[in-house]
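Visitor: Given next are the chains, with one letter for each unit.
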Amino acid sequence: MAIDLPFIWAAIIAFAVLAYVILDGFDLGIGILFPFFPEKRDRDVMMNSVAPVWDGNETWLVLGGGGLLAVFPLAYSIILPALYAPIIAMLLGLIFRGVAFEYRWRTKRGEFLWNWAFAGGSMLAAFSQGIALGALVQGIPVVNRAYAGAWWDWLTPFSIATGFAILIGYALLGSTWLIMRTTGELAEKARRIALRTCFATVAAMGIVSLWTPFLRPIYLERWFSWPTAIFSVIVPVLVLGCFALLLTGIRSKRDAQPFLAALSLFVLGFAGIGISFYPYMVPPSVTIWDAAAPDSSLAFLLWGAAFLVPIILIYTGYAYWVFRGKIDPEEGYH
Amino acid sequence: MFESFDATLLARIQFAFTVSFHIIFPAFSIGLASYLAVLEALWLWKKDQVYMDLFNFWKTIFAVAFGMGVVSGIVMSYQFGTNWSVFSDKAGPIIGPLMGYEVLTAFFLEAGFLGVMLFGLHRVGPKLHFLATFMVAFGTLISATWILAVNSWMQTPAGFGMNEAGQFIPLDWWKVIFNPSFPYRLVHMVLAAYLTTAFVVGAVGAWHLLKNTAPRRSRTMFSMAMWMATIVAPIQIFAGDAHGLNTLEHQPAKVMAMEGHYQSHPDGAPLILFGLPNSAEKRVDYAIEIPKLSSLILKHDLNAPLAGLDTIPDNLHPPVVVVFWSFRVMVGIGFAMLGIGLWSLWCRYRGTLDSSDWLHRAAVLMGPAGFVAVLAGWITTEVGRQPYTIYGQLLTADSISPIAAPAVALSLIAFIIVYFLVFGAGTFYILRLMKRLPRDPMPDLDDGPIRTSGIMPGPATGHAHGSAHHGH
Ligand code: HDD
Ligand code: HEM
Ligand code: HEM
Numbered sequence: 022m023a024i025d026l027p028f029i030w031a032a033i034i035a036f037a038v039l040a041y042v043i044l045d046g047f048d049l050g051i052g053i054l055f056p057f058f059p060e061k062r063d064r065d066v067m068m069n070s071v072a073p074v075w076d077g078n079e080t081w082l083v084l085g086g087g088g089l090l091a092v093f094p095l096a097y098s099i100i101l102p103a104l105y106a107p108i109i110a111m112l113l114g115l116i117f118r119g120v121a122f123e124y125r126w127r128t129k130r131g132e133f134l135w136n137w138a139f140a141g142g143s144m145l146a147a148f149s150q151g152i153a154l155g156a157l158v159q160g161i162p163v164v165n166r167a168y169a170g171a172w173w174d175w176l177t178p179f180s181i182a183t184g185f186a187i188l189i190g191y192a193l194l195g196s197t198w199l200i201m202r203t204t205g206e207l208a209e210k211a212r213r214i215a216l217r218t219c220f221a222t223v224a225a226m227g228i229v230s231l232w233t234p235f236l237r238p239i240y241l242e243r244w245f246s247w248p249t250a251i252f253s254v255i256v257p258v259l260v261l262g263c264f265a266l267l268l269t270g271i272r273s274k275r276d277a278q279p280f281l282a283a284l285s286l287f288v289l290g291f292a293g294i295g296i297s298f299y300p301y302m303v304p305p306s307v308t309i310w311d312a313a314a315p316d317s318s319l320a321f322l323l324w325g326a327a328f329l330v331p332i333i334l335i336y337t338g339y340a341y342w343v344f345r346g347k348i349d350p351e352e353g354y355h
Numbered sequence: 044m045f046e047s048f049d050a051t052l053l054a055r056i057q058f059a060f061t062v063s064f065h066i067i068f069p070a071f072s073i074g075l076a077s078y079l080a081v082l083e084a085l086w087l088w089k090k091d092q093v094y095m096d097l098f099n100f101w102k103t104i105f106a107v108a109f110g111m112g113v114v115s116g117i118v119m120s121y122q123f124g125t126n127w128s129v130f131s132d133k134a135g136p137i138i139g140p141l142m143g144y145e146v147l148t149a150f151f152l153e154a155g156f157l158g159v160m161l162f163g164l165h166r167v168g169p170k171l172h173f174l175a176t177f178m179v180a181f182g183t184l185i186s187a188t189w190i191l192a193v194n195s196w197m198q199t200p201a202g203f204g205m206n207e208a209g210q211f212i213p214l215d216w217w218k219v220i221f222n223p224s225f226p227y228r229l230v231h232m233v234l235a236a237y238l239t240t241a242f243v244v245g246a247v248g249a250w251h252l253l254k255n256t257a258p259r260r261s262r263t264m265f266s267m268a269m270w271m272a273t274i275v276a277p278i279q280i281f282a283g284d285a286h287g288l289n290t291l292e293h294q295p296a297k298v299m300a301m302e303g304h305y306q307s308h309p310d311g312a313p314l315i316l317f318g319l320p321n322s323a324e325k326r327v328d329y330a331i332e333i334p335k336l337s338s339l340i341l342k343h344d345l346n347a348p349l350a351g352l353d354t355i356p357d358n359l360h361p362p363v364v365v366v367f368w369s370f371r372v373m374v375g376i377g378f379a380m381l382g383i384g385l386w387s388l389w390c391r392y393r394g395t396l397d398s399s400d401w402l403h404r405a406a407v408l409m410g411p412a413g414f415v416a417v418l419a420g421w422i423t424t425e426v427g428r429q430p431y432t433i434y435g436q437l438l439t440a441d442s443i444s445p446i447a448a449p450a451v452a453l454s455l456i457a458f459i460i461v462y463f464l465v466f467g468a469g470t471f472y473i474l475r476l477m478k479r480l481p482r483d484p485m486p487d488l489d490d491g492p493i494r495t496s497g498i499m500p501g502p503a504t505g506h507a508h509g510s511a512h513h514g515h
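Protein chains in written order, with our numbering: chain A, 22 to 355; chain B, 44 to 515.
FYI, nobody ran anything at the bench for these hints, they're computed from the structure. Misleading hints may appear alongside valid ones.
[Said to hold, decoys possible] Straight-line alpha carbon distances no greater than 35 Å define the calculated DSBU-like cross-link-like pairs of lysine-lysine that follow: (1) K478(B) x K170(B); (2) K325(B) x K347(A); (3) K478(B) x K129(A); (4) K61(A) x K129(A); (5) K254(B) x K129(A); (6) K254(B) x K347(A); (7) K61(A) x K478(B); (8) K170(B) x K90(B); (9) K90(B) x K254(B); (10) K347(A) x K61(A); (11) K129(A) x K347(A); (12) K478(B) x K89(B); (13) K129(A) x K210(A).
Can you make the complete structure from the sequences, with help from the hints?
Guide: Here you go:
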């Protein structure tokens, strides 16, 4: 039996995208929460809590995009033109927030500018990612190996709803990260925000999930026909379980629990989308196997990925370990 | 302003604009990362505080430049898909895995160790910290290797076949990666990055020598930079010459454009030093030329015949004027760098390296020269490849996304505005950091609460940073 390389690669790309969403999710979330913490002191601590790791987090986005080009070139060349505007907006947002990590410390007079750049850039990037997700779920028309729609097709009520959903979800990740990494007033405030965003996130997940089956008949079928319908029961139950852990975590003093529960929520949401999509790479017409590059390309890169991704996970874990623990506001800022 | 432009032209402008910004930062950070690793190694070895002080000074600058490199790079990797989707679909099976390896072997390495390098000295201790610095430097070099393999494959494609869907498919990965122009391009680009950095470091050292701010540190960096210039500039000229000969073999039209040879020269081609290429009339006006020298350089024979653009159909000519000039700018700067290197050697021999104001002024003037040469070099390479994206195989006009011109125009305008604002501000901050070399003798490096935490906001160990905050 030949190994199904496209399938393996679809799993790897999905892993990269998921890693991106949860890792950059919390540091984009920090930016999204900036406006709620007007004190310079708090903002310094918030930024310091992600400064050593944000670049690594964002690299998963490069792996997702670069990997797509390598192993599913057809999907890459359909999706990016179709989502042209949200992609460009995301890139511009990432520029503003990325440079803010350094620029903000380089000027006193201009600091407010880079605070705005950090917050605005993070929001723009998150919102655009949500829109892109929604537009992909909606489906992309393809004729002759190319995108066949117009350049505003991505803009629909549904994609705007997913845009807000991601914005809220990242804010939840950010606030639970702060609960885990900070102390005192800042952490208390993060708790209050987490409490609100966790209700909002679960509500948003509910709305999007109920909306999705009505976009395309295949999704409806997927979620309400045997045997996949099992997931229609399991996933919501698990979501509620995470929700309960989140709530108790926020109230209790187990500071890592809310963050881990929020991560699990994202994993579940992601799994839900995966279930709807499979076996399509670009719904409604391009499957994983249609989009895959020739096996020689897939195999060549798979050797590297099988060997390197574990190593990457190890030293990335090490970098997190070096900067573990609570950030002491007395030490960590100027 | 853009009505008369079609999507292809706009996409080309957009690619050229964004990649030109991007390449500026790697050119600097590849060199600077290696320089930082050298400084830290010297500090560990000689235990001389001056190296740590310099390390901290340049580390802060590195952090800003690196950040700009990362965000501008992410734009590049998505732009293949937004604007060049047909190219991506066709060439993805070949260039994609190479860029995938770049991410896996280089970008994660850099990003993973960057945090430790910038903020972690007091958390992990000097040895592990040096390892982190080294890994970052090593990562930048690996990154250059892969991306240059990609670019070189587009210049001189090898080891591929085609499938029914019209995609380029790999037949022999070894041939794909070690395609004919790759070794030359890799050597030339890495040397270019080192030279660029050497001239920036040299200019900062020279500037502070002129101002007499911090003689000990400025002398050390100036001297290190001038050694680089003296040694690397001649090697670069040699490497460039070899690169040119390789190009003559594999992309003759590019060399014809660089040389301004519209016509063939059956018995010895002249070297045109300057002149105004006139593509309409197919001649170089007001040419100042040295007879037969071009044949001597390219063929090592005064009378060797050299073909001109007249042997190539008009619609396959690269734009001669751009290539002609950008090549001369690069070569001119290469020789100017050689000049500075030799001059500094002479001053060193005379014992006036630290005191020669004229040398210092010249070095300050040459500070940005590397960036100009790098851009000029890339323009020669890329414009000289036209009208192809994959030389001889895929036309630029056939590579473009099915995307409406207004979408490209709008995003182009957005990029132009954002890049000038954001990278303009970054350049301003870098220049300001460079200006603020704290005076000798320095306050104790390890004072203040910042460093004990290990979680420093920004690469704060540098004094440059402290002064940036208390400065006004
Ligand atoms: C991985 C591939 C790759 C790499 C490393 C580079 N380029 Fe490139 N370049 C392309 C891939 C490419 C391309 C996708 O093939 C383009 C887009 C349109 C075209 O004709 O070729 C291109 C076009 C292009 C053009 C426009 C040429 C024209 O349309 O006349 C310029 C000026 C540059 N590039 C400049 C650069 C610079 C300054 C680089 C330094 C990093 C660079 N390129 C690296
Ligand atoms: C079109 C071609 C290019 C693409 C698509 C590209 C892509 C990228 C991306 C995505 C990053 C950010 C990585 C991160 O997240 O850490 C990056 C950074 C970098 N790139 Fe490029 N790049 C291109 C051209 C080049 C060239 C020609 C070189 C050098 C020869 C180069 C050298 C680097 C280096 C050293 C970095 C690390 C960041 C820095 O040093 O500032 N790149 N590139
Ligand atoms: C005077 C000596 C030099 C010669 C003869 C020379 C020659 C060349 C040639 C022939 C090319 C085009 C190769 C091709 O497209 O196939 C090139 C490209 C390039 N040059 Fe130079 N060069 C010189 C000096 C420099 C200097 C001083 C720098 C920078 C500090 C530089 C940076 C570059 C870069 C970045 C490229 C594009 C990448 C590449 O194709 O290698 N060059 N050079």
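Visitor: Take the hints in turn and mark each one as holding or not.
Guide: Structure-based check of each hint:
1. Straight-line distance between C-alpha atoms of K478(B) and K170(B) comes to about 30 Å, which keeps the hinted pair within the 35 Å bound.
2. With a C-alpha separation of about 70 Å, the suggested pair K325(B) and K347(A) falls outside the 35 Å cut-off, and the hint is violated.
3. Distance restraint check for K478(B) and K129(A): the Cα-Cα separation of roughly 17 Å lies within the 35 Å cut-off, and the hinted pair is therefore satisfied.
4. Taken as a hint, the K61(A) and K129(A) pair is honoured in the structure, with Cα atoms around 11 Å apart against an allowance of 35 Å.
5. Proximity of K254(B) to K129(A) is assessed by CA-CA distance (about 26 Å); at most 35 Å being required, the pair is judged to hold.
6. With a CA separation close to 44 Å, the supplied pair K254(B) and K347(A) exceeds the 35 Å bound.
7. Of the pairs offered as hints, the one joining K61(A) and K478(B) holds, with about 27 Å between alpha carbons and a cut-off of 35 Å not exceeded.
8. For the hint pairing K170(B) with K90(B), the CA-to-CA distance comes to about 13 Å; that is within 35 Å, so the pair holds.
9. Pair hint K90(B) plus K254(B) holds up; C-alpha atoms about 27 Å apart against a cutoff of 35 Å.
10. Of the supplied pair hints, the one linking K347(A) and K61(A) holds, its CA atoms being roughly 18 Å apart against a limit of 35 Å.
11. A threshold of 35 Å between alpha carbons decides the hint, and for K129(A) with K347(A) the separation of about 27 Å falls inside it, so the pair holds.
12. Annotation: proposed proximity of K478(B) to K89(B) holds, straight-line Cα distance about 27 Å (limit 35 Å).
13. At most 35 Å may separate the alpha-carbon atoms for a hinted pair to count; K129(A) and K210(A) meet this at roughly 26 Å.
Of the numbered hints stated above, those contradicted by the structure are hints 2, 6, listed in ascending order.
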